[in-house]
Amino acid sequence: MEYLATNDPYVLWNSLYERYGHLRSVILPNARSEWKPSSYKTLSVAVAIIVAINIVVAMAVAIIKVVDIIKIIIIYLVQQPASPPVSHAHSHSLLLRSPSYSHGLSTSHSLSLTAVSPTSPSFLKNSTSASPNRRWLRLLLRRFPTSVKLRPSLKFWLKWLKKVIKFSFAVVKPLPLTSLLLHLEMGELAADKHVKYIISVEKKKDSFESVVMEHLRLNGAYWGLTTLDILGKLDAVDEEDVISWILKCQDESGGFAGNIGHDPHVLYTLSAVQVLALFDKVDILDADKVSNYIVGLQNEDGSFSGDIWGEVDTRFSYIAICCLSILQRLDKINVDKAVEYIVSCKNLDGGFGCTPGGESHAGQIFCCVGALAIAGALHHVDKDLLGWWLCERQVKSGGLNGRPEKLPDVCYSWWVLSSLIMIDRVHWINKDKLVKFILDCQDMENGGISDRPDDAVDVFHTYFGVAGLSLLEYPGLKPIDPAYALPVDVVNRIFFSKK
Amino acid sequence: MESDEGDEQQQEAERLPLSQRPEWSDVTPIPQDDGPNPVVPIAYKPEFSETMSYFRAVYYSNERSSRSFQLTKEAICLNPGNYTVWHFRRQIIETLHADLQDELAFVGRIAKSNSKNYQLWHHRRWVAEKLGTGAVNKELQFTKKMLSLDAKNYHAWSHRQWVLQALGGWEDELDYCQMLLGEDIFNNSAWNQRYFVVTRSPLLGGLIAMRDSEVNFTIEAILGNPENESPWRYLRGLYKDDTESWINDPRMSSVCLKVLSTKSNYVFALSTLLDLICHGFWPSEEFREAINALNTPDSGPLDSDLGRAICRVLECVDPLRCNYWLWRKSKLPLTVSSQ
Chain A
1 MEYLATNDPY
11 VLWNSLYERY
21 GHLRSVILPN
31 ARSEWKPSSY
41 KTLSVAVAII
51 VAINIVVAMA
61 VAIIKVVDII
71 KIIIIYLVQQ
81 PASPPVSHAH
91 SHSLLLRSPS
101 YSHGLSTSHS
111 LSLTAVSPTS
121 PSFLKNSTSA
131 SPNRRWLRLL
141 LRRFPTSVKL
151 RPSLKFWLKW
161 LKKVIKFSFA
171 VVKPLPLTSL
181 LLHLEMGELA
191 ADKHVKYIIS
201 VEKKKDSFES
211 VVMEHLRLNG
221 AYWGLTTLDI
231 LGKLDAVDEE
241 DVISWILKCQ
251 DESGGFAGNI
261 GHDPHVLYTL
271 SAVQVLALFD
281 KVDILDADKV
291 SNYIVGLQNE
301 DGSFSGDIWG
311 EVDTRFSYIA
321 ICCLSILQRL
331 DKINVDKAVE
341 YIVSCKNLDG
351 GFGCTPGGES
361 HAGQIFCCVG
371 ALAIAGALHH
381 VDKDLLGWWL
391 CERQVKSGGL
401 NGRPEKLPDV
411 CYSWWVLSSL
421 IMIDRVHWIN
431 KDKLVKFILD
441 CQDMENGGIS
451 DRPDDAVDVF
461 HTYFGVAGLS
471 LLEYPGLKPI
481 DPAYALPVDV
491 VNRIFFSKK
Chain B
1 MESDEGDEQQ
11 QEAERLPLSQ
21 RPEWSDVTPI
31 PQDDGPNPVV
41 PIAYKPEFSE
51 TMSYFRAVYY
61 SNERSSRSFQ
71 LTKEAICLNP
81 GNYTVWHFRR
91 QIIETLHADL
101 QDELAFVGRI
111 AKSNSKNYQL
121 WHHRRWVAEK
131 LGTGAVNKEL
141 QFTKKMLSLD
151 AKNYHAWSHR
161 QWVLQALGGW
171 EDELDYCQML
181 LGEDIFNNSA
191 WNQRYFVVTR
201 SPLLGGLIAM
211 RDSEVNFTIE
221 AILGNPENES
231 PWRYLRGLYK
241 DDTESWINDP
251 RMSSVCLKVL
261 STKSNYVFAL
271 STLLDLICHG
281 FWPSEEFREA
291 INALNTPDSG
301 PLDSDLGRAI
311 CRVLECVDPL
321 RCNYWLWRKS
331 KLPLTVSSQ
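Quick note, the sequences are listed as chains A and B, same order. Residues 1 to 499 in our numbering are what the first sequence lists, from first letter to last. Residues 1 to 339 in our numbering are what the second sequence lists, from first letter to last.
Keep in mind that the hints were calculated from the coordinates and are not lab data. Everything numeric in this text was worked out from a predicted model, so none of it was measured. Just so it is clear, CB atoms sit at the ideal spot from N, CA and C, and this is done for glycine as well. Among these hints, one or two may not hold up.
[Stated by the list, open to error] Subject to a maximum C-alpha distance of 25 Å in a straight line, what follows is the list of computed PhoX-like cross-link-like pairs (lysine-lysine):
1. B:Lys152 / A:Lys406
2. A:Lys396 / A:Lys337
3. A:Lys436 / A:Lys41
4. A:Lys431 / A:Lys406
5. B:Lys152 / B:Lys116
6. A:Lys41 / B:Lys329
7. A:Lys233 / A:Lys196
8. A:Lys346 / A:Lys41
9. A:Lys396 / B:Lys263
10. A:Lys436 / A:Lys196
11. B:Lys329 / A:Lys431
12. A:Lys396 / B:Lys152
13. B:Lys73 / B:Lys130
14. B:Lys329 / A:Lys406
15. A:Lys346 / B:Lys263
16. B:Lys73 / A:Lys346
17. A:Lys406 / B:Lys116
18. A:Lys383 / B:Lys329
19. B:Lys138 / B:Lys152
20. B:Lys263 / B:Lys240
21. A:Lys346 / B:Lys240
22. B:Lys130 / A:Lys406
23. B:Lys331 / A:Lys431
24. B:Lys331 / A:Lys383
25. B:Lys240 / A:Lys383
26. B:Lys329 / A:Lys433
27. A:Lys396 / B:Lys329
28. A:Lys433 / A:Lys396
[Unchecked claim] Which residues of chain A face chain B? A partial, calculated answer using Cβ under 10 Å:
29. Ile53
30. Met213
31. His265
32. Gly358
33. Asp384
34. Trp428
35. Ile429
36. Asn430
37. Lys433
Isolated chain A, as found in the complex:
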């Protein structure tokens, strides 16, 4: 997925046609083959569940019937034997009274005994005339009438089973049910809990998070607010408060600091611009002032420094390109040189490091691929090779790691996933298992998501978990743009609204 930035309609047409061709010949057949196995699996799971339920119900009904039989026997045995038999009940009562009958009842299937309805006039007459002091038994029988047919034979069971299977398939046919079962199988996203967690971070005085978050609160605001927007709850915060605080973080150089009274750095500049974009307030900034700050940080070789102290990292290349793109000032930097530097960080496995020669790392790869996507230079990426390296990040548990032989972590479910989406290779990982891994990392009681199941939660991993689920098209979440790391409607608003 590349951002097409061209004015020539002929070029645009050809690029779109090529992209359509790729979607039709590669993505569609793969999506189809991906759907089949999982749909058969869910269908069989659904059928199995429904058949099992029906069998249990049938057995319960059969048990009730057996209990009824025992009740009838007790009643008749308890009754006075002097009651004169009436015409149609004659043979029944004779059989019932025979002691050998009562013992053999549970094992005998060949008895053509039809349970006597307690409301049949003859029976009532019998009992009233025979035992006036057994009224409670009469009432009991009236409360639990036995049904007419009582024949637990093999034929009966086979017929019942046939009905059950037919019914199950009829119910299972419509797909919404199977996807519902799939989600029941997987677990659920506790969206409300996560919203609560983000809004009210606990005021624990000795909380590690509270101590270290102070200088990067702007990053924390971005993580928290973007998560709220994806969950559709951005209105839970006071927009005015947030924006006025962000503006206080701006330095006279044009860049933003992590908090009031700190030094500016590109990391926080990007977060500031992104949060303002969430509220559609990017235009309150002096775009030229902010972009000049970033432009001043580009070095001769095309790389970017984080701030005046000169640390160089491809993370900052991504930040610069993304931020300037949102401000629509990308032409102010030397884009070709910036791209050249990023390409120099490409490794033999197709991945990217922080500097030339640096080990390929999923986080750095996201930054480089994202920067190239925004700059319209994805042709420099060997998509097949990198796609394979990225899909090899998936481990048995379904989670993704950041480098070979390392542990899976929820934050990589964003970095690896968004990279795969940007190079059109996301179908190479097993999406279902990844969803399950992310959902397992939730704290279902207090809200929030951790890096691994059963670890402590934090806002950073909550954001990456929810964003990852959004990329995996988990229901109920707003779609997120993999390159800009902002909801798609926010990105569209920036580029396609009034100009």
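Given chain A, work out where chain B should sit, using these hints.
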């Protein structure tokens, strides 16, 4: 200048609040201004807020003295992620011409508990850059110590690569990689560093000169642990931009064959063989036999095309990535058969 003796943690335990220290009596601390309704309200420990209040006072007044230098040290120990404190410390160092060797020692002391802190590593690099080539041995020693604690620490490796390129010290690097790989052959960072050294060291003669010995070493590593992803990729990287030599080197296909014959951990062997075939390698009959021997019962009758056969086996043994193998199968050149 301040000479930091003693354990940082011990100093914290004996810490006297700043308001009670005589040298700070003339300074009014500036409390944190979170605004009337903070967005993400944060609770603070009392000593933390006191230290930061005093820091803000000297930072806003731009006081670059020895007491503010000491204060930055305390603030860093409380919250090493606070980049503004590090900035100010650098400004003080420049103004007071502080002892840079002492500074390296300070960073070294707090590095163990902050091994993944970006600010710490950048600060170290800044100091080392100022010291120049004289700092080479110390820096290599420092990164070696950090890597002995965590052999895959990305910051440590990044710093080490910078030291080698900016300050030199390539002599023992290949041996160091060898040692690390001896301790853990699965260490991807060490493999990456090995490639870095082989391709960029001014003392070794370049990739092509080193290729032969490196291939032998890598093959040995593969045969020891065929499920290890790193040496397979390294092997491919040794023939970067030289596909002809790669498919013509008999060792490439023979290592695949050896691993396949063991019938265990052969996923990477299969994918490498697939890559060779796709680039024009002609597999002999023994490869077909080896693949046949692997044939799992549920994959059905084996394909006459060896490439397709390999893809089918991979779909079975690596189901997590079955879509990738399906795609590889669809991309195979049409007629590839054994000789």
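Could you check the structure against the hints above and give me the numbers of any it violates, in ascending order? 2, 8, 14, 15, 16, 20, 22 and 29
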